[in-house]
Amino acid sequence: MNKNITMPRKHSALQLVGLLFSTIGLLVFLAALFGYNFTDKFLWLTFSLLAVFLGIVLVSIHTNLILPGVISQHGMYYRSLSNRGVLGWIVGIVLSVFYIVLYWFPESLGFYGNTQPNSGFVALFDPLSYFFKNEPASQWFMYGSLYTLLILAFGIRYLFRYKHNRYQIFRTLAVMAAQLFLAFLIPEILEGLNSKDAYYARDIKFFWPLNHYFFEPWHLNNMVSGGSMGMVFLIWGIFGFLVIVPLLTYFWGKRWYCSWVCGCGALAETAGDYFRHLSDKRVFAWQIERILIHGVLLVITVVTGVVLYGYFSNAQTFLGLSIYTYFSKPYGFLIGSVFAGVVGVGFYPFMGSRVWCRFGCPLAAYMGIIQRFFSRYRITTNGGQCMSCGNCSTYCEMGIDVRAYAQKGQNIVRASCVGCGICSEVCPRGVLKLENGSLYERIKSTID
Amino acid sequence: MGKHIVIIGNGISGITAARHIRKLSDYAITVISSETHHFYSRPALMYLFMGDMTFENLKPYEDGFWKKNKITLVRDHVQAIDTLQKQLILSETSPIHYDELIIATGSLSNKFGWPGQDLEGVCGFYSMQDLEYIEKHVPRMNRAVIVGGGLIGIELAEMLLTRHKNITFLVRENAYWSNVLPLEESEMINDLVRSHHIDLKLKVELKSIQGDEHGHVQSVETSTGEILPCEFVGLTAGVRPNIEFVKNTPIETDRGILVDEFLETNIPGIYAIGDCVQHRKAPPLRRPVEQVWYTGRMMGETVAHSICGSKKAYNPGIWFNSAKFFDLEYQTYGRVLPEPAPEEAVFFWKHPEMLMSLRLVFNKSTYNLLGVNVFGIRLRQEVCQKWIQTKTHIAEVIDHFHEANFDPEFFNRHETRIKLAFKEFYSNIR
Ligand SMILES: Cc1cc2nc3c(=O)[nH]c(=O)nc-3n(C[C@H](O)[C@H](O)[C@H](O)COP(=O)(O)OP(=O)(O)OC[C@H]3O[C@@H](n4cnc5c(N)ncnc54)[C@H](O)[C@@H]3O)c2cc1C
Ligand code: SF4
Ligand code: SF4
Numbered sequence: 138m139n140k141n142i143t144m145p146r147k148h149s150a151l152q153l154v155g156l157l158f159s160t161i162g163l164l165v166f167l168a169a170l171f172g173y174n175f176t177d178k179f180l181w182l183t184f185s186l187l188a189v190f191l192g193i194v195l196v197s198i199h200t201n202l203i204l205p206g207v208i209s210q211h212g213m214y215y216r217s218l219s220n221r222g223v224l225g226w227i228v229g230i231v232l233s234v235f236y237i238v239l240y241w242f243p244e245s246l247g248f249y250g251n252t253q254p255n256s257g258f259v260a261l262f263d264p265l266s267y268f269f270k271n272e273p274a275s276q277w278f279m280y281g282s283l284y285t286l287l288i289l290a291f292g293i294r295y296l297f298r299y300k301h302n303r304y305q306i307f308r309t310l311a312v313m314a315a316q317l318f319l320a321f322l323i324p325e326i327l328e329g330l331n332s333k334d335a336y337y338a339r340d341i342k343f344f345w346p347l348n349h350y351f352f353e354p355w356h357l358n359n360m361v362s363g364g365s366m367g368m369v370f371l372i373w374g375i376f377g378f379l380v381i382v383p384l385l386t387y388f389w390g391k392r393w394y395c396s397w398v399c400g401c402g403a404l405a406e407t408a409g410d411y412f413r414h415l416s417d418k419r420v421f422a423w424q425i426e427r428i429l430i431h432g433v434l435l436v437i438t439v440v441t442g443v444v445l446y447g448y449f450s451n452a453q454t455f456l457g458l459s460i461y462t463y464f465s466k467p468y469g470f471l472i473g474s475v476f477a478g479v480v481g482v483g484f485y486p487f488m489g490s491r492v493w494c495r496f497g498c499p500l501a502a503y504m505g506i507i508q509r510f511f512s513r514y515r516i517t518t519n520g521g522q523c524m525s526c527g528n529c530s531t532y533c534e535m536g537i538d539v540r541a542y543a544q545k546g547q548n549i550v551r552a553s554c555v556g557c558g559i560c561s562e563v564c565p566r567g568v569l570k571l572e573n574g575s576l577y578e579r580i581k582s583t584i585d
Numbered sequence: 089m090g091k092h093i094v095i096i097g098n099g100i101s102g103i104t105a106a107r108h109i110r111k112l113s114d115y116a117i118t119v120i121s122s123e124t125h126h127f128y129s130r131p132a133l134m135y136l137f138m139g140d141m142t143f144e145n146l147k148p149y150e151d152g153f154w155k156k157n158k159i160t161l162v163r164d165h166v167q168a169i170d171t172l173q174k175q176l177i178l179s180e181t182s183p184i185h186y187d188e189l190i191i192a193t194g195s196l197s198n199k200f201g202w203p204g205q206d207l208e209g210v211c212g213f214y215s216m217q218d219l220e221y222i223e224k225h226v227p228r229m230n231r232a233v234i235v236g237g238g239l240i241g242i243e244l245a246e247m248l249l250t251r252h253k254n255i256t257f258l259v260r261e262n263a264y265w266s267n268v269l270p271l272e273e274s275e276m277i278n279d280l281v282r283s284h285h286i287d288l289k290l291k292v293e294l295k296s297i298q299g300d301e302h303g304h305v306q307s308v309e310t311s312t313g314e315i316l317p318c319e320f321v322g323l324t325a326g327v328r329p330n331i332e333f334v335k336n337t338p339i340e341t342d343r344g345i346l347v348d349e350f351l352e353t354n355i356p357g358i359y360a361i362g363d364c365v366q367h368r369k370a371p372p373l374r375r376p377v378e379q380v381w382y383t384g385r386m387m388g389e390t391v392a393h394s395i396c397g398s399k400k401a402y403n404p405g406i407w408f409n410s411a412k413f414f415d416l417e418y419q420t421y422g423r424v425l426p427e428p429a430p431e432e433a434v435f436f437w438k439h440p441e442m443l444m445s446l447r448l449v450f451n452k453s454t455y456n457l458l459g460v461n462v463f464g465i466r467l468r469q470e471v472c473q474k475w476i477q478t479k480t481h482i483a484e485v486i487d488h489f490h491e492a493n494f495d496p497e498f499f500n501r502h503e504t505r506i507k508l509a510f511k512e513f514y515s516n517i518r
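Just so you know, the sequences run in chain order A and B.
In short: position in the first sequence from 1, add 137, done, that's the working numbering.
In short: position in the second sequence from 1, add 88, done, that's the working numbering.
Worth flagging that the hints you see were computed from the coordinates, not collected in a lab.
Quick reminder that beta carbons are idealized off the backbone N, C-alpha and C, glycines included.
Heads up, a few of these hints could be off.
To be verified - Calculated from the model, a selection of chain B residues having no Cβ within reach of chain A, i.e. all distances over 10 Å:
#1 K147
#2 T181
#3 I184
#4 R468
Said to hold, decoys possible - Derived Cβ-Cβ restraints for the label pairs, each shown as a range:
#5 K91(B) x F510(A): 54 to 62 Å
#6 L164(A) x F499(B): 39 to 47 Å
#7 E491(B) x F388(A): 16 to 24 Å
#8 G222(A) x N254(B): 27 to 35 Å
#9 T181(B) x G432(A): 15 to 23 Å
#10 K91(B) x G442(A): 53 to 61 Å
#11 N493(B) x S149(A): 34 to 42 Å
#12 A311(A) x R501(B): 14 to 22 Å
#13 N254(B) x N573(A): 44 to 52 Å
#14 E572(A) x E150(B): 22 to 30 Å
#15 Y267(A) x N254(B): 57 to 65 Å
#16 G432(A) x N403(B): 20 to 28 Å
#17 D187(B) x V439(A): 14 to 22 Å
To be verified - Derived BS3-like pairs (lysine-lysine); straight-line CA-CA distance at most 27 Å:
#18 K199(B) x K111(B)
#19 K224(B) x K111(B)
#20 K581(A) x K479(B)
#21 K199(B) x K91(B)
#22 K581(A) x K156(B)
#23 K400(B) x K581(A)
#24 K158(B) x K545(A)
#25 K199(B) x K295(B)
#26 K147(B) x K545(A)
#27 K581(A) x K147(B)
#28 K545(A) x K174(B)
#29 K474(B) x K399(B)
#30 K91(B) x K400(B)
#31 K474(B) x K412(B)
#32 K158(B) x K507(B)
#33 K452(B) x K479(B)
#34 K399(B) x K581(A)
#35 K412(B) x K438(B)
#36 K199(B) x K174(B)
#37 K155(B) x K545(A)
#38 K300(A) x K438(B)
#39 K400(B) x K452(B)
#40 K289(B) x K412(B)
Isolated chain A, as found in the complex:
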């Protein structure tokens, strides 16, 4: 019945101003994209970033702060954007195209490597890049800045929206701070301070195997040649994935990473909040998920093993196959770019906000195994209160059929749960609670 229903929304003056701001900001982006050369780039960049940011914040202030009560999820299935309508398709296609261009045709964005000066859209970000590290922007710098901006703006929206829920507030502040400081500011500043060092990932939470190039020879070499700072990052990276990740996952489940600090998670939780219900809940999807995500973990482990073999034995080939052409490159292309980028974000409006996290991310797979078998984290079910309404399953971005457990009075212990806490938030009967506790009787059932 829902396709024909529209849920009228009264727009306030504040919201219209917000929409206007965002539109103007986007128009500046578009003008730059189509080659308009702004003379005062600093001014126009500041202006457009601020306009987009303020626009998003203003729209959400109204819907989520001024109206009485909690807005919750009403109308999600009536809106074009969040119900795979025309708007949803437009956004999905624009995002996917953006990622394709970003990865493979950066020159259309105005970035030509080091061969000629930036123009167009990337050039717009030159002033910010000069500010941090005294060099022109790259397409990745532009992307990182925009990404951070979106997380901050939609993060503020999220804070308004879930203002009554302190778990959501703390989690969102953490994820916003992690993106702003750990993923953006600190690495850029460090790069600026050590501008002579070659590039290596300076985001301290970007662990292997999510960072699939960590053990690539060039990356190892850059870290080794990066002085004591490089060595710190090298040791931290190995220690992190061997000790910190399993330890924290044992105590708090993978949520400490996926919905508290991770950058992919940050975008999914903030900007992706419109789309979380579009995840597929069928058992069939769960089967695909298990094959895919563990497959990716296996592949990156093999690829990394081969790469390290090559590194230490100084070989370019493995079993007669070029390591770069047959191992590193296809993984980077298929998983790192197509899966994590184009599908991972571009498909938000079609498949929900966690496509990558659910089906692809090898770090999530690794933590998921720990979470499933050896972690204090679980979602507890409150006795027989569940009335099988389905809100929890619908809004689980990981496509977990939470209801299937809750209606049996069974705790939810699932490898894929990122601990976003939304199932607990939307449950109208207060049935679900994210908890850490003893491993004894972690999966118990009170009903049948």
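Start from chain A and add chain B with the ligands according to the hints.
Leaving out everything else, chain B with the ligands in the frame of chain A:
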């Protein structure tokens, strides 16, 4: 193999019965129901209307579940039961024979013979068809009048608010749901309802409904003589067991279908479960007719055992229930009466600013906990029930109150305030 079990009604009770019979046996199972082909969650109808979910989301089991578990679904209406021939007369298809029968037909919305109750634009809110009917009337609706201050009425009000309708809410009692809630809580809900700009009229009843020349509702007249123009009337003055078609059979009924503790009717091999049931002997501290979701589920499980030869008496344990009024969550455990019984005393705490309250009912002389009402805080069912079951002293309950908290992590906790308030209260009554 052997027996053919037929279940009328694919609600929570009928479906739970089917699932458990399948777990316990390989009998042939047929579920006949007329409302929808597949089982869905009735309490979630409001979320379908408000656009939180689609119908797919309302179904607790995937469509393939039924075939996989060899449960035959028939979408048809049962006209009559022939208890001699052991067969059901259906509207569309030929009669179906049963060896054992489970009646799980749920409830119907009450209509008290108001003049005009059958006009176009007047309906109850119980089924999918009701929801479609309401949806059909949304476009021409400006003001809706909702009659009856219970849980379904307030849900309907919340639903129509999301479509920006003006709402008048007629409540017979002096405060919302005050035949169940104590006055303090009732009044809290009154304020909440009014804060959503709903015109709440207390101590006002519906007298009649007037239509225009096309038979569409035009206005209602209230017991105070006021005429309220409106385009829609929602009749939500409670539900009653849906047993019309059972009444001219030898199956004994009163308000509901009468059953024993194994949920069998007076006719051997015919059982009844869920909303349509009246217990001949109500379980301890429970009422004979209890029309809630989980009792239907529990009866479904019990009846499966009765049928599969592992009989156990229906034992729903300590009463509990929960609901949500707009954003305000409510839970109750044990016995909380609108007015305390003579042997009862009450500790009541209300947050000074927020919508939040706690009521603990206990025995005046032994001080053991009898019931809990809580608004705005989530409590752990297991802990509350254990306290009531083991007759825990009220002071000990307060001492350990944090153990019952079920709010999400990092939520503001209120135990300290509650403990302080209790200390003062307790020193006064001792
Ligand atoms: C709007 C609403 C909100 C509610 N919210 C809550 C809540 O939050 N918590 C709670 O505990 N309870 C709630 N309830 C009550 C709860 O839904 C019922 O207690 C429960 O659904 C009863 O289940 P049942 O299986 O006994 O009957 P039903 O769910 O009514 O199922 C009976 C089915 O049998 C079919 N049927 C009837 N007669 C025939 C026939 N002759 N032939 C074929 N089919 C037939 C009916 O069409 C119906 O589909 C709510 C009820 C409503 C209406
Ligand atoms: S199960 Fe709940 S906490 Fe876990 S991912 Fe799904 S919605 Fe989030
Ligand atoms: S949202 Fe709550 S009541 Fe609804 S199915 Fe999930 S756990 Fe049950």
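Consistency of the hints with the structure:
1. K147: violated, 8 Å
2. T181: Holds, since 27 Å exceeds 10 Å.
3. I184: It holds; I184(B) is separated from chain A by about 27 Å at its closest Cβ, greater than 10 Å.
4. R468: Nearest chain A Cβ is 6 Å from R468(B), so the label is violated.
5. K91(B) x F510(A): 54 to 62 Å: Since K91(B) and F510(A) have Cβ atoms about 42 Å apart, the given range 54 to 62 Å is violated.
6. L164(A) x F499(B): 39 to 47 Å: holds, 43 Å
7. E491(B) x F388(A): 16 to 24 Å: holds, 22 Å
8. G222(A) x N254(B): 27 to 35 Å: Since G222(A) and N254(B) have Cβ atoms about 29 Å apart, the given range 27 to 35 Å holds.
9. T181(B) x G432(A): 15 to 23 Å: With Cβ atoms ~48 Å apart, the hint is violated.
10. K91(B) x G442(A): 53 to 61 Å: holds, 60 Å
11. N493(B) x S149(A): 34 to 42 Å: holds, 38 Å
12. A311(A) x R501(B): 14 to 22 Å: Since the Cβ atoms of A311(A) and R501(B) sit about 21 Å apart, the hinted range of 14 to 22 Å holds.
13. N254(B) x N573(A): 44 to 52 Å: Taking Cβ atoms as reference, N254(B) and N573(A) lie about 47 Å apart, which means the hint holds.
14. E572(A) x E150(B): 22 to 30 Å: holds, 28 Å
15. Y267(A) x N254(B): 57 to 65 Å: For Y267(A) and N254(B) the Cβ distance comes to about 58 Å; the hint holds.
16. G432(A) x N403(B): 20 to 28 Å: violated, 48 Å
17. D187(B) x V439(A): 14 to 22 Å: Taking Cβ atoms as reference, D187(B) and V439(A) lie about 59 Å apart, which means the hint is violated.
18. K199(B) x K111(B): With Cα atoms ~39 Å apart, K199(B) and K111(B) exceed 27 Å; violated.
19. K224(B) x K111(B): violated, 41 Å
20. K581(A) x K479(B): This hinted pair holds, its Cα atoms lying about 26 Å apart.
21. K199(B) x K91(B): Status violated; Cα separation ~39 Å.
22. K581(A) x K156(B): holds, 25 Å
23. K400(B) x K581(A): This hinted pair holds, its Cα atoms lying about 23 Å apart.
24. K158(B) x K545(A): holds, 21 Å
25. K199(B) x K295(B): Answer holds: K199(B) to K295(B) is near 12 Å, not above 27 Å.
26. K147(B) x K545(A): Between K147(B) and K545(A) the Cα gap is close to 15 Å, so the pair holds against 27 Å.
27. K581(A) x K147(B): holds, 24 Å
28. K545(A) x K174(B): violated, 34 Å
29. K474(B) x K399(B): holds, 26 Å
30. K91(B) x K400(B): Holds, because 20 Å separates the two Cα atoms, which is no more than 27 Å.
31. K474(B) x K412(B): holds, 24 Å
32. K158(B) x K507(B): Violated, because 54 Å separates the two Cα atoms, which is more than 27 Å.
33. K452(B) x K479(B): holds, 13 Å
34. K399(B) x K581(A): holds, 25 Å
35. K412(B) x K438(B): holds, 18 Å
36. K199(B) x K174(B): violated, 32 Å
37. K155(B) x K545(A): holds, 21 Å
38. K300(A) x K438(B): holds, 22 Å
39. K400(B) x K452(B): It is violated: about 35 Å lies between the C-alpha atoms, which goes past 27 Å.
40. K289(B) x K412(B): Holds, at about 21 Å.
In terms of the numbered hints stated before, the structure departs from hints 1, 4, 5, 9, 16, 17, 18, 19, 21, 28, 32, 36 and 39, listed from lowest to highest.
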